[in-house]
Amino acid sequence: MKLIILDDYDKASEWAAKYIRNRIIQFNPGPERFFTLGLPTGGTPLGCYKKLIEYFKNGEISFKYIKTFNMDEYVGIPRDHPESYHSFMWNNFFKHIDIRAENAHILDGNAADLQVECDAFEEKIRAAGGIQLFVGGIGPDGHIAFNEPGSSLSSRTRVKTLALDTILANARFFDGDLSKVPTMALTVGVGTVMDAREVMILITGAHKAFALYKAIEEGINHMWTVSAFQQHPQTLFVCDEDATLELRVKTVKYFKGMMHVHNELVKPLTPVQKGNAKVVEMSEKPYSD
Amino acid sequence: MPSNKSVSEEPITQFVNCRILKDHQLQREDLWVREGKILNPEKLFFDEEGYADHQVDCESKILAPGFIDVQINGGYGVDFSQGCDVRGGVALVSKRLLEHGVTSFCPTLVTSPPHIYHKVLPEMEVHDGGAEGAGVLGVHLEGPFISREKRGAHPEHCLRSFQQGSLTDLLEVYGSLDNVSIVTLAPELPGSPTVIQELVKMGVTVSLGHSVADLSQAEQAVQQGATFITHLFNAMLPFHHRDPGIVGLLTSDQLPPNCTVFYGMIADGIHTNPAALRIAHRAHPSGLVLVTDAITAMGLPPGHHTLGQQHIQIDGLHAYVAGTNTLCGSIATMDMCVRHFRKASGCSVEAALEAASLHPAQLLGISQHKGTLDYGSDADFVLLDDSLHVKATYIGGEEVWRK
Numbered sequence: 001m002k003l004i005i006l007d008d009y010d011k012a013s014e015w016a017a018k019y020i021r022n023r024i025i026q027f028n029p030g031p032e033r034f035f036t037l038g039l040p041t042g043g044t045p046l047g048c049y050k051k052l053i054e055y056f057k058n059g060e061i062s063f064k065y066i067k068t069f070n071m072d073e074y075v076g077i078p079r080d081h082p083e084s085y086h087s088f089m090w091n092n093f094f095k096h097i098d099i100r101a102e103n104a105h106i107l108d109g110n111a112a113d114l115q116v117e118c119d120a121f122e123e124k125i126r127a128a129g130g131i132q133l134f135v136g137g138i139g140p141d142g143h144i145a146f147n148e149p150g151s152s153l154s155s156r157t158r159v160k161t162l163a164l165d166t167i168l169a170n171a172r173f174f175d176g177d178l179s180k181v182p183t184m185a186l187t188v189g190v191g192t193v194m195d196a197r198e199v200m201i202l203i204t205g206a207h208k209a210f211a212l213y214k215a216i217e218e219g220i221n222h223m224w225t226v227s228a229f230q231q232h233p234q235t236l237f238v239c240d241e242d243a244t245l246e247l248r249v250k251t252v253k254y255f256k257g258m259m260h261v262h263n264e265l266v267k268p269l270t271p272v273q274k275g276n277a278k279v280v281e282m283s284e285k286p287y288s289d
Numbered sequence: 001m002p003s004n005k006s007v008s009e010e011p012i013t014q015f016v017n018c019r020i021l022k023d024h025q026l027q028r029e030d031l032w033v034r035e036g037k038i039l040n041p042e043k044l045f046f047d048e049e050g051y052a053d054h055q056v057d058c059e060s061k062i063l064a065p066g067f068i069d070v071q072i073n074g075g076y077g078v079d080f081s082q083g084c085d086v087r088g089g090v091a092l093v094s095k096r097l098l099e100h101g102v103t104s105f106c107p108t109l110v111t112s113p114p115h116i117y118h119k120v121l122p123e124m125e126v127h128d129g130g131a132e133g134a135g136v137l138g139v140h141l142e143g144p145f146i147s148r149e150k151r152g153a154h155p156e157h158c159l160r161s162f163q164q165g166s167l168t169d170l171l172e173v174y175g176s177l178d179n180v181s182i183v184t185l186a187p188e189l190p191g192s193p194t195v196i197q198e199l200v201k202m203g204v205t206v207s208l209g210h211s212v213a214d215l216s217q218a219e220q221a222v223q224q225g226a227t228f229i230t231h232l233f234n235a236m237l238p239f240h241h242r243d244p245g246i247v248g249l250l251t252s253d254q255l256p257p258n259c260t261v262f263y264g265m266i267a268d269g270i271h272t273n274p275a276a277l278r279i280a281h282r283a284h285p286s287g288l289v290l291v292t293d294a295i296t297a298m299g300l301p302p303g304h305h306t307l308g309q310q311h312i313q314i315d316g317l318h319a320y321v322a323g324t325n326t327l328c329g330s331i332a333t334m335d336m337c338v339r340h341f342r343k344a345s346g347c348s349v350e351a352a353l354e355a356a357s358l359h360p361a362q363l364l365g366i367s368q369h370k371g372t373l374d375y376g377s378d379a380d381f382v383l384l385d386d387s388l389h390v391k392a393t394y395i396g397g398e399e400v401w402r403k
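In order, the protein sequence lines correspond to chains A and B. With full-length UniProt numbering applied, the first sequence covers 1 to 289. With full-length UniProt numbering applied, the second sequence covers 1 to 403.
Watch out, some of these pointers could steer you wrong.
Said to hold, decoys possible - Think about it this way: if two alpha-carbon atoms lie no more than 20 Å apart in a straight line, the pair counts; the simulated PhoX-like pairs of lysine-lysine are: (1) B:K43 <-> A:K95; (2) B:K61 <-> A:K57; (3) B:K61 <-> B:K22; (4) B:K343 <-> A:K95; (5) B:K37 <-> A:K95.
Don't read these hints as lab results, they were simulated from the structure. Quick caveat: nothing in here was measured; it's all calculated off a predicted structure.
This is chain A alone, in the form it adopts within the complex (with noise of 0.2 Å):
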């Protein structure tokens, strides 16, 4: 595992957008080899995903041979809504950047047949060669896309019914109705995740302080899904200073001397370092703890 701790929001957001950034150009996609990488919706990623609208209006990266699968889809809300996660992934970044529709996968969360949905989304992952790069965000218990405390660490793509604390959580954006608010939502798995190459886990705010800890601190427990991660041999966790709060000192100091390490991961690339990329293979770690 590797923690990144930067100062503050903004920032992190940018080492996150650097680092997809710089995953996809070594990997360098095309027509017959496509990139593939797992999405989450949320405030968190926000920052993230502006900056990679940055990178993408520079030029420095293109969305044209980007297959993303999102993580996950309420059930019953029509699909224009503007809570939906169609709405989100497009308003905040499909919108903005070259990304073909068909590489773009949703879970549809108004399909006649959910499970169908959701087994048929795993096909298409797996069809797509697997995810390279799982990019998530946490709720405040700990939760990784809508695997609520208590989901099965080994879980697969599914339809879950919202903790109430989610549904409370949410009613803001509904209207503050609660019986607008979804009760049920199409999500991925933990083991769905657990599958990809590499996990990126966004975590900033002071109110997630204590997921963070429960994350990587204490032991595996699925009433705090994210500790699953502890077993992926890939995972990174990006934080801002306020997430770390309820680290141990020791904990904090080890990874932030590590910062300078970590920090060329995020470099901007040499014409050297994007030629080689085309030899690496999908199974190839050019990266390792």
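Since chain A is already given, all that's left is putting chain B on it; use the hints.
Quick look at chain B alone, frame taken from chain A:
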């Protein structure tokens, strides 16, 4: 690969790098067009898995709905009320209006003898705009059912009253109302309530003007369905605090619920004092419709011109009867009016642009497809720089003029 076969094979154009006027705000958004209509790109993306075939870089300009002029008597030497070579005259003006950002208009006929209406009206067909010029939304008939006292420059011998108090009077004079979208009349004329009702039933917008009506007569006309005031302040009783007259409609509480009264404003800095413009705008901003009320001389260079029997001296934005100080009409173009209105009223760029696009479209009941950049609307729009000078004009998504 042809895009979006499921819905349409027509190419899609994406206008990028622009600030579009949408939902009353300038927003950094792209504008997508297919088959001459504004497309919802989110639906295109998720439903059709489609994408744009071409991109047009708008160089960070403002992209606003095309201007709509509901009162224009002519220009470039053409007088619509002359009755000679009607089609040629309309075609010339249509074409030249493009450079002022006008994408559709209502050619306006001042009070004329019946034979002029009978000849001119059938030749002024409603039609869409295009490369050949701005679209014609229907004729605005200003008179002859107007007040003798407030006739302004309208010829006195042609004025009429409602003899039978019904449409028959209008058909007798006009011949047909097929190509007509607005009729300006004086509501104090006996018989006008029935006439207003019948016009509104036919889908014709009724405007109050060239009138000595008091406020209660004006309110009654609005209750019958009138929705517009022709060049507010001009050719009507001046505002008086015990009888505000037609001007009082701007703040009347005797109007039907959800009824917006619109009012035309000649914002050329000459025909309406900026203070009066501000009074009207602050009292009723959502009803303000910019009109040019332009005459034959609009678009002609400064100097002396002979137009028919008239001799005109053009000096800046003033057009005088030659050798006198008598103003003979407005020669400001729509883009000038937008700029002047913004400066004089201190309103936002958005409000200035909507007074020339959204409001006239709402007035004519066509805001479903004109006057906005909403999805499904006609892709009639202008590109403007920050000082609101027109840089390019598009109709149905096609560029029809560029500076």
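Structure-based check of all given hints:
no. : hint             : in the structure
1   : B:K43 <-> A:K95  : holds (11 Å)
2   : B:K61 <-> A:K57  : holds (18 Å)
3   : B:K61 <-> B:K22  : holds (14 Å)
4   : B:K343 <-> A:K95 : violated (35 Å)
5   : B:K37 <-> A:K95  : holds (19 Å)
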